[in-house]
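Asker: Now for the letters of each chain:
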Amino acid sequence: MAKHHVTTTINGDPAEFLCETQQTLLDCLRDELGLTGSKEGCASGDCGACSVMLDGRLVCACLVLGVEAEGATIETIEGVAQGDELHPLQKHFLEDAALQCGVCTPGFIVAAKALLEHNPDPTETEARYWLAGNLCRCTGYDKIIKAVMNAAAEMRGA
Amino acid sequence: MSEIQFATPQTVKEAVKCLAGAKGKARVLAGGTDLLVQLRAGFVRPGLIVDIKHIPELRKVKREDGGFRIGAAVSGAELGANAAVKKAWPGVVEGLELIGSTQIQGRASLGGNLCNGSPAADSVPALIAAAATCHIAGPKGTREAKVEDIVSGPGKTTLKPGEFVVSFFLPKRPKRSGDAYLRLIPRTEMDIAVVGAGVSLALDSKGVCTEARVALGAVAPKAVLVKAAGKALVGTKVDDAALEAMAAACRDACKPIDDKRGTVAYRTKVAGVLAQRAARIALARATGE
Amino acid sequence: MGNEEDIGKIIDYSGREFQYIGKRTIRPDGVDKVTGRANFGADFTVNGMIHGRVVRSPHAHAKIKKINVDKALKLDGVKAVITGKDFPEIDINDKAVGEVVVSYYDMAHNIIARDKVYYDGHAVAAVAATTPDIAEKAAKLIEVEYDVLKPVMTAAQAMKKNAPVLHKHIHTAGVEPAPEKPSNVASRTEFKLGDPAAGFADADVIVEREFSTQTVHQGYIEPHACCASISADGNTNIWCSSQGQFMVRAYTAKICGMETSKVKVIPAEIGGGFGGKTVVYLEPLAVMLAKKAGRPVKMVMTRDEVLRATGPTSGGTARARIGAKKDGTIVAGELELVYEAGAYPGSPVALGCMTGFAPYDIKNVSCVGWDVLVNRPKAAAYRAPGAPVAAFGVECTLDVLAEELGMCPLELRMKNAAVEGTQAPYGVKFNRIGYKETLEAAKAHPHWSAPLGPNQGRGIASGFWFNIGGTSSAEVMVNEDGTVIVATGNPDIGGSRASMALMAAEVLGIDVARIKPLVADTESVPFSMLTGGSRVTFATGKAVIEAAQDAVNDLKRRAAKIWDVDVDQVEWENGQAVCIESTQHKPLSIAAIAAKADKTGGAISGRANINATGAGPGFGTHICDVEVDPETGYVTVLRYTAIQDVGKAIHPSYVEGQLQGGAVQGIGWALNEEYVYSEDGRLLNTGFLDYRMPVASDLPMIDTVVVEVPNPGHPYGVRGVGETPIVPPLAAVANAVSHAIGKRVTDLPLSPPRLLAVIDGK
Amino acid sequence: MAKVVLPLEVARAFADGETDHAVEARDVRALVRALEERFPGIAERLSRGTAVAVDGEIYQDWFLEEVRPDSEVRFLPAIEGG
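Chains as they are written, first to last, in numbering that gives the first Met the number 0: chain A, 0 to 157; chain B, 0 to 288; chain C, 0 to 761; chain D, 0 to 81.
The shape of chain A in the complex, shown without the other chains (with noise of 0.2 Å):
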């Protein structure tokens, strides 16, 4: 049976891929289209490491097809950046020391972004909760937290 031709929006720019039905958008977002920023931790959705928006939802990029990306606006780690200007939450990221080895970070930082757009003023508790479904195994969360909350007041100019 032939592949699947997909025509998509990624980060603002049209992109298009062939994909068989059973391909994961994570594997096509990876192996199709290089766009390595989103990681591969488990494939079965409790990492979050693959963290990306499907029409304005955050979702795990393992746990939806490819095909269903036809039409879709999607945003990935690739798209958070604007040219060399770093995202509010990338900044703090580095200057809290939010990483350590680095491999969940573009999944926290998608899924931070997409907190505080649904919610700029978040308590601890709500960011701990929203950030639930990404793993991290070297810093704690701690510092990430942190790095999220500091992030909000920035923009919230506060």
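Calculated directly from the structure, the hints in this document are not laboratory data.
Check before you lean on any hint, since a few could be wrong.
To be verified - Here are the simulated lysine-lysine pairs, DSS-like style, with alpha carbons at most 30 Å apart:
#: 1; chain 1: C; residue 1: 115; chain 2: C; residue 2: 65
#: 2; chain 1: B; residue 1: 139; chain 2: B; residue 2: 171
#: 3; chain 1: C; residue 1: 115; chain 2: C; residue 2: 136
#: 4; chain 1: A; residue 1: 145; chain 2: C; residue 2: 515
#: 5; chain 1: C; residue 1: 160; chain 2: C; residue 2: 115
#: 6; chain 1: A; residue 1: 2; chain 2: B; residue 2: 22
#: 7; chain 1: B; residue 1: 52; chain 2: B; residue 2: 155
#: 8; chain 1: A; residue 1: 2; chain 2: C; residue 2: 136
#: 9; chain 1: A; residue 1: 145; chain 2: C; residue 2: 442
#: 10; chain 1: D; residue 1: 2; chain 2: C; residue 2: 191
#: 11; chain 1: B; residue 1: 22; chain 2: C; residue 2: 136
#: 12; chain 1: C; residue 1: 139; chain 2: A; residue 2: 2
#: 13; chain 1: C; residue 1: 191; chain 2: C; residue 2: 435
Claimed, not checked - A few chain C residues facing chain B, derived, Cβ under 7 Å:
#: 14; residue: 630
#: 15; residue: 631
#: 16; residue: 671
#: 17; residue: 675
#: 18; residue: 683
#: 19; residue: 684
#: 20; residue: 689
#: 21; residue: 691
#: 22; residue: 694
#: 23; residue: 696
#: 24; residue: 697
#: 25; residue: 750
#: 26; residue: 751
#: 27; residue: 752
Glycine is no exception: its CB is placed at the ideal position from the N, C-alpha and C atoms.
Add chains B, C and D to chain A, keeping to what the hints say.
Answerer: For chains B, C and D alone, coordinates are given in the frame of chain A:
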């Protein structure tokens, strides 16, 4: 993986046609948060995947006869954002909103959670407690069914080949009524329920319970409506004695298994504990505290 | 300033003002990591690349009768299939004593089975095909005929008289006279100090408890991944993430029977290791598949494979017995550890014996350790290997002793704390250490005296790790414009590039931003021991300091030429060459000297190849508050404080990060992480849903206190910090839970079902 | 004469349980050679997975480390890192 067809029907009729043509080798795709994990692990090998998210009727939430009609493909995140449903049936919304992480919430649907047939499905006990019904479409037309009659055992449903759930109906809330759902998971998030308890009850003007439904998850091959537990509350002020009797009925109804998440003894005891706590929250909501 | 005489000399830093050390700089590799551009193991693609899949045993213990690959080879798109037969046989006694005791025979058989499989997930064959999908199908077409044997899943089962013996060639080592019959007990280790029997006889109070823990995994989020390409002349390139590219080169060359010079390993960014990536699993398979297929081969593990088939750390039991006088002085300590080694010998039980009582000054100590084979994946290092389970036993028994004596557990530790000159259980006398300082910091911390509510409890526990030195190399290259490259051979797991830049800046006296630290491949810097043992900031840091000093000496020689003075007229201050004698020579900046490099002799650089000695042990003390739901056994961590002596924090944020990360791994180990096997030895929780690691909403902020008692063995006082933080948490959490429920808990993990059984007195 | 302390297992296998010995040597290699003369086969046994501590300093890869007349030399299991 043999080559898998993929269909995106735009209407219920079109979907029924797709499914009927696939002679039982088709799987319905709503959120996909269970289906894709099973696909990857090779537990399922469908010949056809039917994506029902493009059918408007399955994505809508609207009022009906004082209650709500919720599309089977509505995601947890969407339902969680619907203030009206959340106000009327907080327990049902709690059940759906507890499924997995924010990322899972962006996709997981009531239809998928029910039809995946997991005994521990978080949204099912609260739906059963709410006496919710489903509207089902299939080759022989449409029919209604109670939620508690859909799942027949782990991973098994009573849906006939080619049938799928189109929407759920949450009945009108009687005055002075409340519902709640609680579950026990080892962490604070990201786990499958070791025990789940959904309670829905209504009181008369003097605070006496006129109606009560108690449903448990993960303590039997499928989510179970514990009639004796409900009876233990009806006619009482839902005081400690009544709650203890209800908890005892819950413990008797448990037929759990030992598995990697919990033991028989543990599930049996905690089922009673959670049912009591959920009933207290439902009571508080019913008396408008 | 870093002058030649500083290296290795004992210097008192207390008053010293550092110019760059201690700054919270932005890590040089950070921007790529926050924008998704950084390349981890699975992010490489190579022209002509095909994809590899491994066929793994579904049985825990079985003989391989036959492997039929014909169907797989016939599948369109399949390019190569390998089994154990494709690898050279390795002599059974072929052991390398590098950074760790390595049996190449065991390693080779663990990477791909030969005649027997020893655990669920043991690799049996591998196939490479043009697409991952075809490789997946081909793997299913490979038919393996097994003769299934009875598995041995726990140490208790393995040590029974009639238990099936895993390896016919293993007789218990360390037992005299050497036993003739083969055994599942691979070795017995014993340490003795003073006269324990006399010690216990002299004790007023003796307490003893037995503890147990389960197999747990390092849990790095990045699965193992590599890409191997081999040309017709045998020259091989391997792109992979690991804790040591030189380790990957050495082990892969040995197992594939190749010369080291034929294998080049290019390090990718590593997505977490914690000791689990100090060994190889995929690289030799990818090389052999690439050789047979004549195409580069990429292999990436699924999470299922990582949990089933890569080294977790040993589960085991710890029996601790402590004798003390009424005033709390400990007079005797006894510890017996039984660790599950997995399929091949090599649990870290000896290290457990050495570390268990290490924080304490006890004259009479006896520690015995048993390394026991079971049908589980071969244990690999996991952050302070062996120490957490031993400390869990000792630190909880100390808590029992404190209760028995009616003494505050912190005071009891203070009274018996090891200090400079104390003889450790393994016989060596400690140099300058900071354990007491961590206890004083704990006592002064508001957490220690904060009030507690109902069903709440507070636990305290301490921990130790040796920290090691070892072989490291560094190159410091001055560019024409005076900027500098610092190349080392150690993968950067937690921010070590930033620390290397800070140490180089301190010696060179130039701004950190003008220094680019990088992790070089195996053909660009001399051999370096892997990243592990908390050694990088210490040992590779020392190499960087020496190499930077070497560069400064070169710069001073060039300045002397430019000024036409004798070199001992030249001093180096604040990044400039200064002429001592005449003031008519204005100081020369590094950029000014570099601009004339060609004229004064060619490129300017410095290098150092060292085997670092003088590693200073790291001590930590943690305080943990929990609340327990008595009706469901659910544990909530309310507050956590991690205190540790780090000698000198080069980059304070990443030192705090090590304390926080290690504490949370320890909390996961104590509360919900465990391997669950079926009766017939199949792993049941093979994913992150049921292998439960802590998530963000499970935890409070992890407060840290960084204590700095300088280590004399390092120019800036650095001690290793990476491993000590995981040692105290198991006991800190367990002691907190015990106080919360008023009963002593002894078996991890304290998951709700297990804890409710204890609460209900089952 | 430097004081040498053997691991218990090695002492039991070669020196009928006696761990402490006095040896004249100027470095660890010479010390091990002296032990080999006294207890044949001990050198090979000590090279397998043992580190050595001379006056408190632990060397994983010992060879020519200096041994002074008043030194204490202990053999320990090699320490691996995580």
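Asker: Work down the list of hints and note, for each, if the structure agrees.
Answerer: Hints, one by one, checked against the model:
Pair hint residue 115 of chain C plus residue 65 of chain C holds up; C-alpha atoms about 11 Å apart against a cutoff of 30 Å. At roughly 29 Å between alpha-carbon atoms, residue 139 of chain B and residue 171 of chain B fall within 30 Å of each other, so this suggested pair holds. Restraint check for residue 115 of chain C and residue 136 of chain C: satisfied, since their Cα atoms lie roughly 24 Å apart, inside the 30 Å limit. For the hint pairing residue 145 of chain A with residue 515 of chain C, the CA-to-CA distance comes to about 28 Å; that is within 30 Å, so the pair holds.
Restraint check: the Cα-Cα separation between residue 160 of chain C and residue 115 of chain C comes to about 22 Å, which is no more than 30 Å; the hinted pair holds. Between residue 2 of chain A and residue 22 of chain B, the direct Cα distance comes to roughly 23 Å. Compliance with the 30 Å bound is thereby established for this hinted pair. A C-alpha spacing of about 22 Å is found between residue 52 of chain B and residue 155 of chain B, which places the hinted pair at or below 30 Å, so the restraint holds. Of the supplied pair hints, the one linking residue 2 of chain A and residue 136 of chain C holds, its CA atoms being roughly 18 Å apart against a limit of 30 Å.
About 26 Å separates the Cα atoms of residue 145 of chain A and residue 442 of chain C, which keeps this hinted pair within 30 Å; it holds. This hinted pair checks out: residue 2 of chain D and residue 191 of chain C have alpha carbons roughly 17 Å apart, not beyond 30 Å. Between residue 22 of chain B and residue 136 of chain C the alpha-carbon distance is near 25 Å, which keeps this suggested pair within the 30 Å criterion. A hinted pair counts as satisfied when its Cα atoms are at most 30 Å apart, and residue 139 of chain C with residue 2 of chain A qualifies at roughly 23 Å.
A distance of roughly 24 Å separates the Cα atoms of residue 191 of chain C and residue 435 of chain C; the hinted pair therefore holds under the 30 Å criterion. Taken as an interface hint, residue 630 of chain C checks out: its beta carbon lies about 5 Å from the nearest beta carbon of chain B, inside 7 Å. Because the beta carbon of residue 631 of chain C sits about 5 Å from the nearest beta carbon in chain B, less than 7 Å, this interface hint is met. With its C-beta approaching chain B no nearer than about 5 Å, residue 671 of chain C sits inside the 7 Å limit, and its interface hint holds.
With a cut of 7 Å, the hint placing residue 675 of chain C at the interface with chain B holds, because the nearest CB-to-CB distance is about 4 Å. Annotation: interface hint on residue 683 of chain C holds; nearest CB of chain B at approximately 5 Å, less than 7 Å. Interface restraint check: residue 684 of chain C against chain B, minimum CB-CB distance 5 Å, threshold 7 Å, status holds. Because the closest C-beta pair between residue 689 of chain C and chain B is about 6 Å apart, less than 7 Å, the hint holds.
Hint status for residue 691 of chain C relative to chain B: holds, with the closest Cβ pair at about 6 Å, below 7 Å. Hint status for residue 694 of chain C relative to chain B: holds, with the closest Cβ pair at about 5 Å, below 7 Å. Among the interface hints, the one on residue 696 of chain C holds; its C-beta lies about 4 Å from the nearest C-beta in chain B, closer than the 7 Å criterion. A least Cβ separation of about 5 Å between residue 697 of chain C and chain B falls short of the 7 Å threshold, and the interface hint therefore holds.
Using the Cβ-Cβ criterion of 7 Å, the hint placing residue 750 of chain C at the interface with chain B is satisfied: the shortest such distance is roughly 5 Å. The interface hint given for residue 751 of chain C holds, since its Cβ lies 6 Å from the closest Cβ of chain B, which is under the 7 Å cut-off. Taking 7 Å as the C-beta cut-off, the interface hint given for residue 752 of chain C holds, the closest approach to chain B being about 4 Å.
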